[in-house]
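**Q** Chains as they are written, first to last, in the working numbering: chain A, 1 to 51; chain B, 1 to 227; chain C, 1 to 253.
Keep in mind that the hints were calculated from the coordinates and are not lab data. Each hint should be verified, as a subset may be incorrect.
The following label-pair restraints were derived from C-beta to C-beta distances [to be verified]: (1) 4/B with 171/C: 29 to 39 Å; (2) 45/B with 33/C: 45 to 55 Å; (3) 44/B with 24/A: 37 to 47 Å; (4) 23/B with 154/C: 29 to 39 Å; (5) 86/C with 95/B: 13 to 23 Å; (6) 162/B with 32/A: 21 to 31 Å; (7) 202/C with 11/A: 23 to 33 Å; (8) 166/B with 171/C: 17 to 27 Å; (9) 119/C with 29/B: 46 to 56 Å; (10) 113/B with 32/A: 42 to 52 Å; (11) 20/A with 26/B: 51 to 61 Å; (12) 56/B with 171/C: 26 to 36 Å; (13) 119/C with 85/B: 54 to 64 Å.
Note that CB positions come from ideal geometry on N, CA and C, so glycine has one too.
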Amino acid sequence: MQWGSVAEFLAMGGYGLYVWPSFGVAALCMGGEVIAVWRRHAAASESHDES
Amino acid sequence: MSQPSLSEALRGVVRRDLLLAMRHRSDVAMSVFFVVIVASLFPLGVGPEPAVLRTIASGVLWVTALLACLLSLGRLFTADYLDGVLEQTLLIPQPLAVLVVGKVFSHWVISGLPVVLLSPLLGLQFGLSGESLGVLTLSLLLGTPTLSMIGAIGAALTLGLRGSGLLVALLVLPLFIPVLIFGAGAVSSSLAGIGSEANLSLLGACFLLSLAFAPWATAVALRIALE
Amino acid sequence: MSTTGINWFKYSSPQAIYPLAGRMIPWFAAVAVGVIAIGLYIGFFVAPTDATQGDAYRIIFVHVPAAWMSMFLYVIMAIWAGIGLGLNARPSFMMAQAIAPTGAMFTFLALFTGSMWGKPTWGAWWVWDARLTSELILLFQYIGIILLRSSIDDLRRADRASAVLALVGVINVPIIYFSVKWWNTLHQGASVTITAAPTMAGSMVTAMLIMMVGFWMYSFAVTLARMRCVIVERERQPSWGKPASIPDVVEAR
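Produce the entire structure from the sequences given, and follow the hints as far as they go.
**A** Here it is in structure tokens:
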């Protein structure tokens, strides 16, 4: 383990400002896509049942 | 009635399209005028320093040629599509891809060739001289047919769709990029004195590649559009 | 009308794919979550700090897999499109349709993380390097394919037209890559040559490959899920013309 503390881990050797947004946006995009597909499926099945 | 040979059919398509274009001469004049105006706007925006103009000349004139080709793509198949001629064309026993080459050729004569002929004049506006002017004209002569070839695919794919003018731009512009790079590259490398042969040969290669694939893809796209 | 002859392959009908995909999605999703968690653990806690790039290099654990996925997915989408055109198979077109948004998402991700990596390592958010530029054009092509599909109302034409565009794009991307590379050697002064870190510790490579596997699994899960959406949505279209609804068929089993 190379990180002495949580703060050190978050700082990423001074590059935290670049590393964390990258992973954050990746998580947002992938999570958002999952939710979008989920909703799309729900909407499609629902309107299908109505008809 | 005997069947027309391949070259007769090809000549027929070209003759018909050119004849129709001659009856709508203002269309041709418009695309030429468009190029002149757009190219004249850049010096007004960037400033009149000859050194700056000379460096941006190749890019500006090539992008202008791209846009002119794009604007005229709507005319390539739309009129024939609306009056039903295109459906008749699909029934001609000759391979559709060859007829597409004919249509693209006449489209180039109408929209590309005037730009090529005009380019030395526009180059002068941007302070190009001597060899670079020649290279500019030659690169456009090699590149604009490729643009028409690639553009035909986009025109066929978006045939008859709502908002097809904007859509065809979005589809086709990314495909134009290699031609833009080699075409503008030929001029700037001749300005830099390192010879433009490599870029011009690559432009030629792009042309041959598009000649091999694009008419075939356009023919497939036309059949899809008219199904 | 012409797809009637393709019943010899049992799983090629949407009715068969829908429940099959439904059974596969949880597995792929679970494996994706597990593998990505392991990859992140190795990437952040096992892999050492890079000697030259510091900890900024850790961005590659998401950047490189995203960039690879963006290209793989494009090729896979084009293959499905080609199969669809060649065999006139409706499910192949649906698969191509289901892949496109995920591919566009990974392309965007590769560009975003690339610029996040570029700022500390080359000092610029964006350089006109061959790889970056091709990736940008790839994003344009994904968007073009999605837009073309959404602006055609007739499903059959939408399927086939976007398939042609996908195939044309497959020829275009390598040409763009090499043309920009060539262009860059001409404009030497303005460009930055980007090479991968010469020596990567074993754990760095391991983390990257594990993340790659995780992204593959994620892509399988999410494209299959979107495939199910597409199947249900198309069923509502009158042109699809199937009497029994798929959820009904699934219930009946």
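**Q** Each of the hints needs a verdict: does it hold here or not?
**A** Against the structure, the hints come out as follows:
Distance hint check for residue 4/B and residue 171/C: the Cβ-Cβ separation is about 32 Å, which falls inside the suggested range of 29 to 39 Å. A hinted range of 45 to 55 Å holds for the C-beta pair residue 45/B and residue 33/C, which are about 52 Å apart. As the Cβ distance of residue 44/B to residue 24/A is approximately 44 Å, the hint placing it in 37 to 47 Å holds. At about 33 Å, the beta-carbon gap between residue 23/B and residue 154/C stays in the expected band of 29 to 39 Å.
Distance hint for residue 86/C and residue 95/B: a CB-CB separation of about 19 Å, consistent with the stated range 13 to 23 Å. Hint check: residue 162/B to residue 32/A, Cβ distance near 29 Å, so the stated range 21 to 31 Å holds. Distance hint check: the CB atoms of residue 202/C and residue 11/A are about 25 Å apart, consistent with the given range 23 to 33 Å. Taken as a hint, the range 17 to 27 Å holds for the pair residue 166/B and residue 171/C, whose Cβ atoms sit roughly 24 Å apart.
Evaluation of the 46 to 56 Å hint for residue 119/C and residue 29/B yields a pass: the beta carbon distance comes to about 49 Å. Checked against the hint of 42 to 52 Å, the C-beta distance between residue 113/B and residue 32/A comes to roughly 49 Å, which is consistent with it. Between residue 20/A and residue 26/B the CB atoms are about 59 Å apart, so this pair conforms to the stated range of 51 to 61 Å. Between residue 56/B and residue 171/C the Cβ separation comes to about 30 Å, which falls inside the hinted range of 26 to 36 Å.
Separation of residue 119/C from residue 85/B is about 56 Å and conforms to the stated range, judged on CB atoms against 54 to 64 Å.
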